[in-house]
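Per our numbering, the sequence shown starts with residue 462, numbered consecutively.
Think of the hints as simulated: they come from the structure by calculation, not from any bench. Check before you lean on any hint, since a few could be wrong.
Claimed, not checked - Derived pair list, reagent style DSS-like, types lysine-lysine, alpha-carbon separation capped at 27 Å: (1) K833 to K808; (2) K656 to K620; (3) K662 to K615; (4) K615 to K593; (5) K528 to K842.
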Amino acid sequence: MDDKKEYLHVGHAFHLTGKNRRLFRFFEILPGALSWGTLLAVTLFSWISPIGVAIFIIVFDVYWLVKTAYLSLHLRSSWKKMQQHLKIDWTERLENLRSENVWQLVFYPVSVEPIEMLDATFKSLMETTWPKERMIIVLPVEGRMGELAEKQSKFITEKYGDKFGHFLVTTHPEGIEGELKGKGANASWAARKVKELVVDKEEIPYENIIVSNLDSDTQLYPQYFECLTYHFLTAEKPHRSAYQPIPIYNNNIWQAPAIARVAAMSATYWQMMQQVRPERLTTFSSHSMSFVALCELGFWQTNMVSEDSRIFWNGLLKFDGDYRVVPLFYPVAMDANLAPTLFQTAKNIYKQQRRWTWGVENLSYLLYGFTKNKTIPFRTKAYHVATQVEGFWSLATNPILIFLLGWLPLMLGGIGFNSTILAYQLPRVTRTIMTLAMLGLIGSAILGMQLMPPRPEKYHKLTWVSVILQWILIPFMIMFFGAIPGLDAQTRLMFGRYMGFWVTPKDKV
Numbered sequence: 462m463d464d465k466k467e468y469l470h471v472g473h474a475f476h477l478t479g480k481n482r483r484l485f486r487f488f489e490i491l492p493g494a495l496s497w498g499t500l501l502a503v504t505l506f507s508w509i510s511p512i513g514v515a516i517f518i519i520v521f522d523v524y525w526l527v528k529t530a531y532l533s534l535h536l537r538s539s540w541k542k543m544q545q546h547l548k549i550d551w552t553e554r555l556e557n558l559r560s561e562n563v564w565q566l567v568f569y570p571v572s573v574e575p576i577e578m579l580d581a582t583f584k585s586l587m588e589t590t591w592p593k594e595r596m597i598i599v600l601p602v603e604g605r606m607g608e609l610a611e612k613q614s615k616f617i618t619e620k621y622g623d624k625f626g627h628f629l630v631t632t633h634p635e636g637i638e639g640e641l642k643g644k645g646a647n648a649s650w651a652a653r654k655v656k657e658l659v660v661d662k663e664e665i666p667y668e669n670i671i672v673s674n675l676d677s678d679t680q681l682y683p684q685y686f687e688c689l690t691y692h693f694l695t696a697e698k699p700h701r702s703a704y705q706p707i708p709i710y711n712n713n714i715w716q717a718p719a720i721a722r723v724a725a726m727s728a729t730y731w732q733m734m735q736q737v738r739p740e741r742l743t744t745f746s747s748h749s750m751s752f753v754a755l756c757e758l759g760f761w762q763t764n765m766v767s768e769d770s771r772i773f774w775n776g777l778l779k780f781d782g783d784y785r786v787v788p789l790f791y792p793v794a795m796d797a798n799l800a801p802t803l804f805q806t807a808k809n810i811y812k813q814q815r816r817w818t819w820g821v822e823n824l825s826y827l828l829y830g831f832t833k834n835k836t837i838p839f840r841t842k843a844y845h846v847a848t849q850v851e852g853f854w855s856l857a858t859n860p861i862l863i864f865l866l867g868w869l870p871l872m873l874g875g876i877g878f879n880s881t882i883l884a885y886q887l888p889r890v891t892r893t894i895m896t897l898a899m900l901g902l903i904g905s906a907i908l909g910m911q912l913m914p915p916r917p918e919k920y921h922k923l924t925w926v927s928v929i930l931q932w933i934l935i936p937f938m939i940m941f942f943g944a945i946p947g948l949d950a951q952t953r954l955m956f957g958r959y960m961g962f963w964v965t966p967k968d969k970v
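Model the full assembly from the supplied sequences, consistent with the hints where possible.
Here it is, written out as structure tokens:
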């Protein structure tokens, strides 16, 4: 790591001392303070100045309606591009790009995943059209899993180990000082091992290697690697770019209950909307990047939870703002959250959403890094700070403001306010605006049907009815599986109650 940029691999405030620690703690407190401050201010001023808050609520609802329409346009645009990219013959696109020297280095870090799921993952890998002799496949298992890790590695090695140019199983030891148990530590250990045992030993040029760090349930579409390689070879700065596919959580979507389907499709929709705004895009979940950049960055960070997005911010700071994400309008298929009971499924969805929204830990890292890096242009810093702050603030506050606090002026404003025309019109105006916004759910339902895989024969044709009607759950979902886990994560960070890495159970029920 560059001695002049020792801040690059800071995880949280407790990794620092003195003034630096206090500054980092201030940045950790900031997002939670903004969100709670907003909610408390609306509550307080509903009592002190109900007219002002009523006007604010109407204006805010209009803003939310416009924003919803704006994002819906992005969603449609992304959907059309994805359909176009699925029809492209990416092998043909590579004919004149000298792709014959490119290697695919693929990581599937595992922990408690069932062998049946890993088998499905590797089966999809075998069905990709990229030449297998130019693939380096790594299965990083956790030593602390004991017998399960042995079964995972033995099964995959015996069935698939001889199918690729190189195949390596790595065992991440437990108890390494400074590490947090999670995907980042496991993948980083594996990256160092494969660099030593395969890449350097076989003298494969770093600049010819594209790295994909995939969640263990990621099933690839046939030409994923060709699409990825095309974008890598045509990127303006291939070694200063990351590459982000669209995660579609539909592997087990027919088995999942309505709340799990809505949560899964909502996550897909959000990523699709981000794809057409590349200036806001960061790496998420399964992603790819240059091996050159990965080595320069010292691999994935091992002392925090959200290593998938942190690797992007590592690059932005390391390379003085000269790092970006190239959107791949090409899907990868992943599992929706599913458990044996509806209650456990809801509980797991909440925990997964809280882990995803724990990405707020990157905001304090980013703000701290920007105070240390004087080379990054101010405009770049301001843009990233503004988009990140607005994103986390909106996530935790907007649904609560819309669906709960909009009635506070009527409840706290007293007789004086409730006798005004504004008080009479407030619920009617907000209801009309929200009704217009909810009409957008029709488009979500239609798009959701097109994202669904073919219906298995064991499910009745009328199951499509529930797939359409499930979208009436949206107000409930964005409140209890969006805003509340987001506020939960920000509050934990605000009080220094740092989260560990929660592995989403992969039940096949």
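We went through each hint and held it up to the structure:
In summary, the hint linking K833 to K808 is not supported, as the alpha carbons are separated by about 40 Å, beyond the 27 Å threshold. Only pairs whose Cα atoms come within 27 Å are accepted, and K656 paired with K620 is accepted, the gap being roughly 24 Å. Under the criterion of a C-alpha separation no larger than 27 Å, the hint pairing K662 with K615 is consistent with the structure, at around 24 Å. A threshold of 27 Å between alpha carbons decides the hint, and for K615 with K593 the separation of about 20 Å falls inside it, so the pair holds.
The hinted pair formed by K528 and K842 meets the criterion: a straight-line CA distance of about 24 Å does not exceed 27 Å.
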